[in-house]
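Once you have looked at the hints, place chain B on chain A.
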Amino acid sequence: MSTMIKVEHLTKAFPGTVAVDDVSFEVQAGEIVGFLGPNGAGKTTTMRILCGYIAPTSGVVEIAGHDVLRDSQAARRNIGYLPENCPLYPEMRVDDYLFFRGRLKGLSGRSCRQRLSEVKELCGLEEMGHRIIGNLSKGYRQRVGLADALIAAPPLLILDEPTIGLDPNQIREVRALIRGLAQQHTVLLSTHILPEVEVTCDRVVIINRGRIVAADATWSLIEHASSPRMIVEVQADAVELKDRLLGLGAVKAVEIEPAGSWVRARIEGHGGMDMRPELWRFLREAGWEVREFYSEKSTLEEVFSNLTAGDEAEKAAVETVA
Amino acid sequence: MKRIWTMWSRELAAYFFSPMAYVVMIFFLVVMGFSFWLLATVLSQGVRGGPVMNELFASIFFWLTILITIPVVTMRLIAEEKKAGTLETLLTAPVRDSEVVLAKYLGALSFYIVLWLPTLSYIGIMKFFEPPDTPIDLGPMVSGYIGALLVGALYLAVGLFTSSLARNQIVAAIGCFAICCVLFLGGFLPYLVHSESVRDIATYLSSVMYMMDASRGVVDTRGIVFHLSGIVLMLFLSVKVLEWRRVV
Numbered sequence: 001m002s003t004m005i006k007v008e009h010l011t012k013a014f015p016g017t018v019a020v021d022d023v024s025f026e027v028q029a030g031e032i033v034g035f036l037g038p039n040g041a042g043k044t045t046t047m048r049i050l051c052g053y054i055a056p057t058s059g060v061v062e063i064a065g066h067d068v069l070r071d072s073q074a075a076r077r078n079i080g081y082l083p084e085n086c087p088l089y090p091e092m093r094v095d096d097y098l099f100f101r102g103r104l105k106g107l108s109g110r111s112c113r114q115r116l117s118e119v120k121e122l123c124g125l126e127e128m129g130h131r132i133i134g135n136l137s138k139g140y141r142q143r144v145g146l147a148d149a150l151i152a153a154p155p156l157l158i159l160d161e162p163t164i165g166l167d168p169n170q171i172r173e174v175r176a177l178i179r180g181l182a183q184q185h186t187v188l189l190s191t192h193i194l195p196e197v198e199v200t201c202d203r204v205v206i207i208n209r210g211r212i213v214a215a216d217a218t219w220s221l222i223e224h225a226s227s228p229r230m231i232v233e234v235q236a237d238a239v240e241l242k243d244r245l246l247g248l249g250a251v252k253a254v255e256i257e258p259a260g261s262w263v264r265a266r267i268e269g270h271g272g273m274d275m276r277p278e279l280w281r282f283l284r285e286a287g288w289e290v291r292e293f294y295s296e297k298s299t300l301e302e303v304f305s306n307l308t309a310g311d312e313a314e315k316a317a318v319e320t321v322a
Numbered sequence: 001m002k003r004i005w006t007m008w009s010r011e012l013a014a015y016f017f018s019p020m021a022y023v024v025m026i027f028f029l030v031v032m033g034f035s036f037w038l039l040a041t042v043l044s045q046g047v048r049g050g051p052v053m054n055e056l057f058a059s060i061f062f063w064l065t066i067l068i069t070i071p072v073v074t075m076r077l078i079a080e081e082k083k084a085g086t087l088e089t090l091l092t093a094p095v096r097d098s099e100v101v102l103a104k105y106l107g108a109l110s111f112y113i114v115l116w117l118p119t120l121s122y123i124g125i126m127k128f129f130e131p132p133d134t135p136i137d138l139g140p141m142v143s144g145y146i147g148a149l150l151v152g153a154l155y156l157a158v159g160l161f162t163s164s165l166a167r168n169q170i171v172a173a174i175g176c177f178a179i180c181c182v183l184f185l186g187g188f189l190p191y192l193v194h195s196e197s198v199r200d201i202a203t204y205l206s207s208v209m210y211m212m213d214a215s216r217g218v219v220d221t222r223g224i225v226f227h228l229s230g231i232v233l234m235l236f237l238s239v240k241v242l243e244w245r246r247v248v
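Going line by line, the protein sequences match chains A and B. The first sequence lines up with residues 1 to 322 when you count with the numbering used here. The second sequence lines up with residues 1 to 248 when you count with the numbering used here.
There's no promise every hint is true.
[Said to hold, decoys possible] For lysine to any residue, the following SDA-like pairs were computed, each having C-alpha atoms within a straight-line distance of at most 20 Å:
id: 1; chain 1: B; residue 1: 82; chain 2: B; residue 2: 239
id: 2; chain 1: B; residue 1: 2; chain 2: A; residue 2: 96
id: 3; chain 1: A; residue 1: 138; chain 2: A; residue 2: 193
id: 4; chain 1: A; residue 1: 138; chain 2: B; residue 2: 83
id: 5; chain 1: B; residue 1: 2; chain 2: A; residue 2: 111
id: 6; chain 1: B; residue 1: 240; chain 2: A; residue 2: 57
id: 7; chain 1: B; residue 1: 2; chain 2: A; residue 2: 113
id: 8; chain 1: B; residue 1: 83; chain 2: A; residue 2: 133
id: 9; chain 1: B; residue 1: 82; chain 2: B; residue 2: 94
id: 10; chain 1: B; residue 1: 240; chain 2: A; residue 2: 133
id: 11; chain 1: B; residue 1: 83; chain 2: A; residue 2: 54
id: 12; chain 1: B; residue 1: 2; chain 2: A; residue 2: 110
id: 13; chain 1: B; residue 1: 2; chain 2: A; residue 2: 74
In case anyone wonders, no lab produced these hints; they're calculated from the structure.
Extracted from the complex, chain A is given alone in its bound form:
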């Protein structure tokens, strides 16, 4: 696998602020990488630098081996970019716009016409070719932007919030579209919708205040970032249950709450240990009746808020990365 994006010690300072601070990461060809962070974390700035729209203050950025500053044209030819808010020329018709963009990206007239019908089909725009962009709904405009990013069949897609402002159905469609694209393209996408990242992306890079706080495979990040949790509901005495649970080696903390005539226990284990076998053995030996026994999965959302909320989170983040 070759390296599609290589970012080394990238810093971008605007007057008064440092938007991106010594950021380094790599994206391999064929990966779908989610680029996450709260508003103002430096996602858009980083993406703009990758696409050559603004120049870095210091650091090196290479796209498919081409430096974005010294070999800007070659680097840009490898990228299909969908900027935040999807700017388009409102007075143009969809076909004319996409044809214009294709020609601008160096397609010949014939191959541009062919690609035009291909990307329109891919993005669900077949019926929209003669519509004026300014009259389209937000969802369709987003598709036009995506079709623009795809038209020259670039190996790398950089999508800045591709699902912002879409309704849940449209989000599902766009998500399916992006996953479909992953077979031929490398994708770097930023978004706020974390469940979307969980299902779409192989890997995530989380940025906060211009610094990378985590970069890992999505599953591994979720697994390692927080301790395992189990929920059990048994028919037992609350105090006795709590005491005996805390006696187990794998258990770190227990919260008990009554649930009718049953008792519900929320059990937190030590990180990196699977407490399920021990717990199950214990419950069987105790002879209590059990009506619920399941492990509560952390979500990327928790990981994200742990990593990006407040200063304590920053410390935790450093530990996670280490």
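Here is chain B on its own, set in the frame of chain A:
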């Protein structure tokens, strides 16, 4: 070259999608038509022997039209794309900043030429009604058009430059109007200042003097060099503004 052609055709088409273009065209044709009526009146009263073509190419109406139309034609070029965010899609496509500037300039210049096209019918009309004993001299007509093209081309380049600086179209238009006014009013320095050197320099740099000559049938290479180098300077500065924007 292909990319310049692609951007140029979009740029020119964008003019005709906006109502502003038609307002400008109507304004332009009304004022030029009035100028032509003045010219026809002068001609019908019998020529006194002086240059008459300055009714069309060097009158206050000509300058008024140029000073008002050109900022309106150029203000949207880059400022609009900045405001709408489309500059981002444009400048992240594999195109050079210089190609973008050149294509936009050629688009505006083409629209300016389109503005003048209907006035070519004036030549036909005058030829049709010319008295057999005193035929219309086409020379001043041709040099007048060359002059109008050169002066317009310089002012359009100024407008492109102010549009590259501004984010707001109105600011771009006012900036262009201000700079063009200075260029225009500077043309009156030879009349106002009695210092020999100032008069010499101002004569070189004056679009007003240049158009007075042009409408008499004189094609002065000094004026051509001045206007062309002004255009090159303005386009160069516009490219630099776009490049500078990436760094800041």
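Consistency of the hints with the structure:
| no. | hint | result |
| --- | --- | --- |
| 1 | B:82 <-> B:239 | holds, 15 Å |
| 2 | B:2 <-> A:96 | holds, 16 Å |
| 3 | A:138 <-> A:193 | holds, 18 Å |
| 4 | A:138 <-> B:83 | holds, 18 Å |
| 5 | B:2 <-> A:111 | holds, 15 Å |
| 6 | B:240 <-> A:57 | holds, 18 Å |
| 7 | B:2 <-> A:113 | holds, 16 Å |
| 8 | B:83 <-> A:133 | holds, 17 Å |
| 9 | B:82 <-> B:94 | holds, 18 Å |
| 10 | B:240 <-> A:133 | violated, 32 Å |
| 11 | B:83 <-> A:54 | holds, 16 Å |
| 12 | B:2 <-> A:110 | holds, 14 Å |
| 13 | B:2 <-> A:74 | holds, 17 Å |
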